[in-house]
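J.: First to last, the sequence lines map onto chains B and X. Sequential numbering from 1 applies to the first sequence in the numbering used here. Sequential numbering from 1 applies to the second sequence in the numbering used here.
These are calculated hints, taken from the structure and not from any lab test. Here the structure is a predicted model, which means the values were calculated and not measured. One should not assume that every hint holds.
Identical chains blur together in the list; that is why a pair holds if it fits in one copy or across any two.
[What the hints assert, rightly or not] When the alpha-carbon atoms are kept at most 35 Å apart in a straight line, the in silico DSBU-like pairs for lysine-lysine are as follows:
1) K306 with K38
2) K3 with K38
3) K226 with K3
4) K270 with K226
5) K382 with K3
6) K155 with K360
7) K306 with K3
8) K382 with K360
9) K3 with K270
10) K155 with K3
11) K270 with K360
12) K306 with K270
13) K20 with K38
14) K226 with K20
15) K306 with K226
16) K270 with K38
17) K20 with K309
18) K20 with K306
Below are the chains, spelled out letter by letter.
There are 2 protein chains.
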Amino acid sequence: MRKVHIVGVGMVRIDRYYDKGYMQLIRDAAVSAFNDVKSYEPEAIVVGNMLSSTLYNQDSLAALALDAIGFRGLGGLKVEAACGSGGHAVIVGYSLVASGLYDQVMVVGVEKMSDYPTSTITSALAQAANAEYEYIYGVSFPALNALIMRLYMLKYEARREDMALWPVRMHEYGSRNPYAQLRNRITIEDVINSPIVSDPIRLMDSAPIGDGAAVIILSSEDVARKLSDTPVEIAGVGLGSDGLDLSSREELLNPISIKRAAEKAFRMSKLTPSDIDVAEIHDAFTITALLSIEGLGFADLGESWKLVKDGRFAVGDKPSVNLSGGLKARGHPVGATGVYQIAEIAMQLRGDFPGVKLDKAEKGLAMNTGGVGTLTSVVILKR
Amino acid sequence: MRKVHIVGVGMVRIDRYYDKGYMQLIRDAAVSAFNDVKSYEPEAIVVGNMLSSTLYNQDSLAALALDAIGFRGLGGLKVEAACGSGGHAVIVGYSLVASGLYDQVMVVGVEKMSDYPTSTITSALAQAANAEYEYIYGVSFPALNALIMRLYMLKYEARREDMALWPVRMHEYGSRNPYAQLRNRITIEDVINSPIVSDPIRLMDSAPIGDGAAVIILSSEDVARKLSDTPVEIAGVGLGSDGLDLSSREELLNPISIKRAAEKAFRMSKLTPSDIDVAEIHDAFTITALLSIEGLGFADLGESWKLVKDGRFAVGDKPSVNLSGGLKARGHPVGATGVYQIAEIAMQLRGDFPGVKLDKAEKGLAMNTGGVGTLTSVVILKR
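Sequences and hints are given; from them, build the entire structure.
T.: Here's what the structure looks like:
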């Protein structure tokens, strides 16, 4: 298996860009990535995106991305795994290089969500659920997660104020990340008193709606040093899944798709959860953060909320989790999020992440999931 | 680079399945593929599809596919490159195996188009064009191809009856393919007198609207013989692109995306166009067939229509092209088509294609494109 390195990353601040379309966002992120490498000559592009077909009548997004950055003739395709599209796109990019097909591949994560009212976005996001058994009955994506959050709190006797600790921490970190969409600090009371989205999920338990684009340039080992003085190796990758509709799952609080993806990535990297210095995990809702931590093996089932309460996973702990502010505060332009996460971990390992960072991190992990933990990717990086 | 083999294929007849959804079509094709191998244990699934988000509010199609065939926990993702999604999905599947990530990967191409009126489908297919510069002005996908057909006929002095030869031949082959949607024979007069879709494209120049699913099981070389007595090697793959909107292209009759994809696949396989015994090419419209033949290097630019008129590319010629009946008669369930093509070529090389077939074919090629030759994949197979 050829080793694959991340040689350049770029991103735009996540925001509501009413004046920018896909092309402008992709171009801005790509220019930032090109400025991060010594030279570049990508041979193919992989785009992670969820909503362009539904919201903008735009398929062939890979061709649009190539037009945006002025490249002609390159190979291109889009990867979709709902809100997990970005992480899956990076793994496809990884495979295109590791297989020997290409020496340099560009991965773009991009999403536009701001141009539509929230009801339209909520409806589009529900496409991550089963259309025939869930979507057409009007269930929303927050509602599906609310069922799980309620079950979690009941089974593990977690109180509402315990569950509020995560978003408070995320906003603290987000306030120091120049790429974050939300940079205001919040309190436990702010979370508990915020409007109900779908009981028990409140607005401050939920990732915001925003636009963003992030770019990662991947290369084979033999050219990595020519392109970057600080290449970051992709040491392990893994994919996993669970039943699409919740009614088909064996156990709602056992995140098997995250477990499967993590097992594969850890086995490949010959690392264990205790080796990881820094991680970015998928916390579209507070409950998602807890199940992600448990699925990745950073905590036993039902234990993560207690560890968060004890101050675990904060900056300086091993692992330090979501120093970017996570989906909650950095933002969650759905199909782009996984690419942001992996770019952030690469910057943490290089030591140049411009927000809350570790002094010395050698091994990092990014985990992104589409649906209610339905299609999961895990990527492990090391210096 | 690890060698990758096709060890099993399965498909359903392309038709208008008003009584079957995605899950039923995928299951039927998968069962057929499972019956084609000695054993199977796929570790990941790649789904090629264009329209599920737009028409059926269904993202996370990879998870739906896994539910359909009763697998849990596997990796899964969807690949989209408009009408070229299927071929791109096979190349992603190839990479997942060639990279060493997985030993067995299942690729599914699936599309449902029959449940909606033609106007809805025409609108959805136009998403393969540029949404901002083409789609919103009401241009249809046939209209974009009609511009190119008109230019081709003018520049190369091809007459309407010359252009009718291709669909006549495709219906002849389709009539003998049990998986083909259209199995009626037609004449030059039928083509010329069929209703105008977008002048000069007539109904009989156009692929039909239909539903279908095809499945390919890929494996690494070391397990291929355990799974199949007749594995077919993937000897070369390539991707290419051209500008998304036609107004941005340098030359409308020079199919650079097909050329780039073909160059890459031929270089990798160490073969040339003259080595190919049998090919399946993308003929969504008659003009697409001609540009595909030229882009692949089977004819010089502007020459393919004359060669077709001379009887070239018919069964027994080298290469024999579209013995399935092509998109025109076998059918074109858009995101599934590329998987059908590659399955058909694998069967031709194995000698068990149930329609028009060659006595002895050793090297085959499948070419699939999304948009107006925008995102192209080429896959070369050999026994």
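J.: Run every hint past the structure and note whether it holds.
T.: Going down the list of hints, with the structure as the test:
In this assembly of identical chains, the alpha carbons of K306 and K38 never lie at most 35 Å apart, being 45 Å within a copy and 49 Å across copies at closest. For the homomeric pair K3 and K38, the shortest alpha-carbon distances inside one copy (20 Å) and between copies (33 Å) are both at most 35 Å. In this assembly of identical chains, the alpha carbons of K226 and K3 lie at most 35 Å apart whether taken from the same copy (15 Å) or from different copies (28 Å). In this assembly of identical chains, the alpha carbons of K270 and K226 lie at most 35 Å apart whether taken from the same copy (27 Å) or from different copies (28 Å).
In this homomeric assembly, K382 and K3 come within 35 Å of each other (Cα to Cα) both inside a single copy, at 12 Å, and across copies, at 28 Å. Neither within a single protomer nor between protomers do K155 and K360 lie at most 35 Å apart by alpha-carbon distance, with minima of 38 Å and 65 Å respectively. Taking identical chains as interchangeable, the C-alpha atoms of K306 and K3 are never at most 35 Å apart, the minima being 38 Å within one chain and 48 Å between chains. Within a single copy, K382 and K360 get their C-alpha atoms as close as 12 Å, which meets the 35 Å cut-off; across copies the closest is 50 Å, which misses it.
Both within a single protomer and between protomers do K3 and K270 lie at most 35 Å apart by alpha-carbon distance, with minima of 14 Å and 25 Å respectively. In this assembly of identical chains, the alpha carbons of K155 and K3 never lie at most 35 Å apart, being 43 Å within a copy and 49 Å across copies at closest. In this homomeric assembly, K270 and K360 come within 35 Å of each other (Cα to Cα) only inside a single copy, at 20 Å, whereas the closest approach across copies is 47 Å. In this homomeric assembly, K306 and K270 come within 35 Å of each other (Cα to Cα) only inside a single copy, at 28 Å, whereas the closest approach across copies is 60 Å.
Taking the shortest Cα distances, K20 and K38 sit within 35 Å of each other inside one copy (28 Å), while across copies they are farther apart (53 Å). Taking the closest pair of Cα atoms, K226 and K20 come within 35 Å of each other only inside a single copy of the chain (33 Å); across copies the shortest separation is 53 Å, beyond that limit. Taking the closest pair of Cα atoms, K306 and K226 never come within 35 Å of each other, the shortest separation being 46 Å inside a single copy and 49 Å across copies. Both within a single protomer and between protomers do K270 and K38 lie at most 35 Å apart by alpha-carbon distance, with minima of 31 Å and 32 Å respectively.
Neither within a single protomer nor between protomers do K20 and K309 lie at most 35 Å apart by alpha-carbon distance, with minima of 40 Å and 50 Å respectively. With identical chains, the CA atoms of K20 and K306 are never at most 35 Å apart, being 42 Å at best within one copy and 47 Å at best between copies.
Hint compliance for this structure: hints 1, 6, 7, 10, 15, 17, 18 are broken, all remaining hints hold.
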